[in-house]
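Position 144 of the sequence shown, counted from 1, bears residue number 181 in my numbering, the numbering being contiguous throughout.
Be aware that one or more of the hints could be misleading.
Using 30 angstroms as the maximum straight-line C-alpha spacing, the simulated BS3-like pairs for lysine-lysine come out as follows [as the list claims (entries may be wrong)]: (1) K355 - K329; (2) K355 - K209; (3) K212 - K147.
Distance windows between CB atoms, simulated [to be verified]: (4) K73 - I192: 35 to 41 angstroms; (5) D55 - Q111: 40 to 46 angstroms; (6) S321 - N224: 50 to 56 angstroms; (7) K376 - S58: 57 to 63 angstroms; (8) N415 - K376: 38 to 44 angstroms; (9) H315 - R386: 44 to 50 angstroms.
Source of the hints: derived by calculation from the structure; they are not laboratory data.
Backbone N, C-alpha and C define an ideal beta-carbon position, used for all residues, glycine too.
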Amino acid sequence: MELELDSLTDLYRKPLFDYISFCRHLNFNKIERMIKSFQEKSKLSIIENEIINLFVNENRYYTHLYISYQFAYQLHLFPGAKSCFSRIQYLNCSTSIKNELSDGLIKLCKSIKVLDLFIEALNNNDGIIRLIRGQRNLSKICLTTHSYSDVYFCIALENSLIEHVNTVQYFKLTKRPSTKIISSFVNLRGLEVSGCLNDVLEWNYLDDVSLPYLEILRVSKIPFNALISLIESTNGLLTEIKTNTILNVNVLNDERIITKVIHQKCPKLQYLKIMLTHNDNNLSEFESLLIKCHYLDGLFITGNVGFDWDELFGVLIKSSPINLFKFKFSDSPSLESLKLFFDNWKGRRPLLLQFGHIENVEDLIEEYKARGIVKKFNNNVSFGEGFEWI
38 MELELDSLTD
48 LYRKPLFDYI
58 SFCRHLNFNK
68 IERMIKSFQE
78 KSKLSIIENE
88 IINLFVNENR
98 YYTHLYISYQ
108 FAYQLHLFPG
118 AKSCFSRIQY
128 LNCSTSIKNE
138 LSDGLIKLCK
148 SIKVLDLFIE
158 ALNNNDGIIR
168 LIRGQRNLSK
178 ICLTTHSYSD
188 VYFCIALENS
198 LIEHVNTVQY
208 FKLTKRPSTK
218 IISSFVNLRG
228 LEVSGCLNDV
238 LEWNYLDDVS
248 LPYLEILRVS
258 KIPFNALISL
268 IESTNGLLTE
278 IKTNTILNVN
288 VLNDERIITK
298 VIHQKCPKLQ
308 YLKIMLTHND
318 NNLSEFESLL
328 IKCHYLDGLF
338 ITGNVGFDWD
348 ELFGVLIKSS
358 PINLFKFKFS
368 DSPSLESLKL
378 FFDNWKGRRP
388 LLLQFGHIEN
398 VEDLIEEYKA
408 RGIVKKFNNN
418 VSFGEGFEWI
């Protein structure tokens, strides 16, 4: 049913409270979808102006701002714009936003701490670079990059981010960078890096990287030697390592090297996601990791196809640190192996346990929940998951 603007006005009653004044997150993506849902297209521009004026005026202020790449309003020209946007700490937008919008953001937003950008393949706006250079306390950067991004723009963008080397503490990117930006961020506490299958040989610059304060490392689709370089660049403060699809790995030797580097460099490790395959040397090194990483609290093992589950569970029973009781496995054992693991876990903290999928496991889980061996169980783990425990 079509709604007329007049009928909307007639039905409107001012609420007892100005609820929008309590909002601190302004999402223009959702507002645009709401505006486009109106059927009366001839009055759409009037509706659009009224709705935006409702959210942007002198009685509002926001800390988080989400903008679609099609949004073309000159925000700085709205009455009350300075009140609304001068305290923005988080900005999420595309690098191809319109010039009139980027000009307004440059004038209004000087205190962005978290910048979440989607880098387009074409039509990127240099105003984003000027916006970055105008910030005073940029601490977290997230770059989601199109598969075929504008290389020259990426270089200019990364160079502008490097100017904030003293304040940036968290950096996330979904494609190999175009510069040595990772090496520049020596004060990083958190790093998330994703590569792709066709740039295995392009990570050599990490050989000389130094990240002495790094606490969180999450990597995906980067080469084996790049992962080793990143871990070795740290100074014993890592508490979380999450690995997905490490490239150029020789399972007979490289997995053992990764595990060895982790227990040598990461004495404070609390959460670990790692690939482990059936090999006596791998399992022996893995046991050393359990013994040396005393603070380990959560463990996610992937790639364990063909493993001797009784042997793996035996190592976990024998050598797991006292705090370790949260487990995820991308593969699944037999019911017999799982039952033996539960029997031998008796007397320790109740398990938070997740597997890829085990058939007909429900009765067994309920039995060991009743005995206090299992606290929570999930039977549908995804490979790409992290450390969200049930």
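Are the Cα atoms of K355 and K209 separated by 30 angstroms or less?
With Cα atoms ~37 angstroms apart, K355 and K209 exceed 30 angstroms; violated.
Can you let me know if the beta-carbon spacing of K73 and I192 is within 35 to 41 angstroms?
holds (36 angstroms)
With the threshold set at 30 angstroms, check whether the alpha-carbon distance from K212 to K147 stays at or below it.
With Cα atoms ~27 angstroms apart, K212 and K147 stay inside 30 angstroms; holds.
For the hint 38 to 44 angstroms, verify it against the beta carbon of N415 and that of K376.
With Cβ atoms ~18 angstroms apart, the hint is violated.
Holds or violated: 57 to 63 angstroms for the Cβ distance of K376 and S58?
holds (58 angstroms)
Run the distance test for K355 versus K329: straight-line Cα separation, threshold 30 angstroms.
holds (13 angstroms)
C-beta pair D55, Q111: status relative to the range 40 to 46 angstroms that was hinted
violated (25 angstroms)
Does 50 to 56 angstroms hold as the CB distance between S321 and N224, or does it fail?
Distance hint for S321, N224 is violated at roughly 36 angstroms.
44 to 50 angstroms as the expected CB spacing between R386 and H315, which holds or is violated
At roughly 28 angstroms between Cβ atoms, R386 and H315 fall outside 44 to 50 angstroms, so the hint is violated.
Hint check: violations occur at hints 2, 5, 6, 8, 9; the rest are consistent with the structure.
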